[in-house]
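Under the numbering used here, the first residue of the sequence shown is numbered 1, with each subsequent residue one higher.
For the record, the hints were derived by calculation from the structure and aren't laboratory data. Even glycine gets a Cβ: it sits at the ideal position worked out from N, Cα and C. There's no promise every hint is true.
Stated by the list, open to error - In silico DSS-like links for lysine-lysine, alpha-carbon gap of 25 Å or less:
| # | residue 1 | residue 2 |
| --- | --- | --- |
| 1 | Lys149 | Lys136 |
| 2 | Lys212 | Lys259 |
| 3 | Lys42 | Lys73 |
| 4 | Lys73 | Lys106 |
| 5 | Lys186 | Lys212 |
| 6 | Lys244 | Lys73 |
| 7 | Lys93 | Lys73 |
| 8 | Lys129 | Lys106 |
| 9 | Lys136 | Lys73 |
| 10 | Lys42 | Lys244 |
| 11 | Lys259 | Lys244 |
| 12 | Lys212 | Lys156 |
| 13 | Lys156 | Lys187 |
| 14 | Lys212 | Lys42 |
| 15 | Lys259 | Lys42 |
| 16 | Lys244 | Lys106 |
| 17 | Lys73 | Lys149 |
| 18 | Lys186 | Lys156 |
| 19 | Lys106 | Lys42 |
| 20 | Lys149 | Lys186 |
| 21 | Lys244 | Lys93 |
| 22 | Lys106 | Lys136 |
| 23 | Lys106 | Lys187 |
| 24 | Lys42 | Lys93 |
| 25 | Lys93 | Lys212 |
| 26 | Lys136 | Lys259 |
| 27 | Lys93 | Lys136 |
Said to hold, decoys possible - Label-pair distances were calculated between CB atoms; the ranges are:
| # | residue 1 | residue 2 | range |
| --- | --- | --- | --- |
| 28 | Ala115 | Trp257 | 36 to 46 Å |
| 29 | Arg183 | Asp20 | 14 to 24 Å |
| 30 | Asp153 | Phe44 | 21 to 31 Å |
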Amino acid sequence: MIRGWYTGASGMNAQQNRLDAISNNLANVDTAGYKKDISVSKAFPELLIRRTNADGVYHTSVGSADAAPVIGKLGLGVETNEQYIDFSQGSFKNTNTNTDVAFSGKGFYAVETPAGERYTRNGNFYIGKEGILETKEGYPVLGENGYIKLENDRFKVNEDGVIFSEEGQEIDRFKAVRFDNERYLKKTGSSLYMTNDIAGPAHIAEGSERPKFIQGYSETSNVNVVNEMVQMIEVNRAYEANQKTITSEDSMMSTLWQKVAILQ
């Protein structure tokens, strides 16, 4: 019965992690370029339950077998295996703002931060006081030649990410990067990501790897509110079921202790 406590508790912890991911997704449903988190759980190995009054081994012409028949399986609980990021494409929202540039396809903008180079899908940019294209947090957006310096917001961006001035002069090209295993990028807040050894180093996207740039649009989050709400209901019910399991186990254990105390 004590094992039942741990099994129920492990289920509650796994559902709590799922609920945290869903809550974060719903909180960022209106965040441009946000990619939802998905929590994945795995089950512990199951035990076979046998009849104890038929224990033993019998011999046959080809070997031996266990005389205790299997009457079912006993699960030992679950644990959170991983939480990964779903980088599926979000929809596009027309903003009619020249400094808003969305991606169509996979890839990331490179951004310079005090902690080093970071990456984002949020293409809602602004022109800073020094004429540098920046994120809303004030981090400079990187082009292939460094900071992107603009005189005004009347510039043009073609599908390849090349930036042209109002007079048609080429200024720079957005530094769009890709990774070998983008799924394992780590979120650092403010729609930014950082790479690691598993995701691999960033490399400039070229050819078929390079996304298409759409000026005047913003990529919305890929969170489906209805699906997230349905999953939240499922999580709450699973959590309550595990909670009731622990309550029942505790009640049985309490009864056992009382009867043992009376007999003694």
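Next on the checklist: Tell me the hint numbers this structure goes against, listed in increasing order.
Outcome noted: When the structure is compared with the hints, numbers 2, 4, 7, 8, 9, 13, 14, 15, 16, 17, 18, 19, 20, 21, 24, 26, 28 and 30 turn out to be violated.
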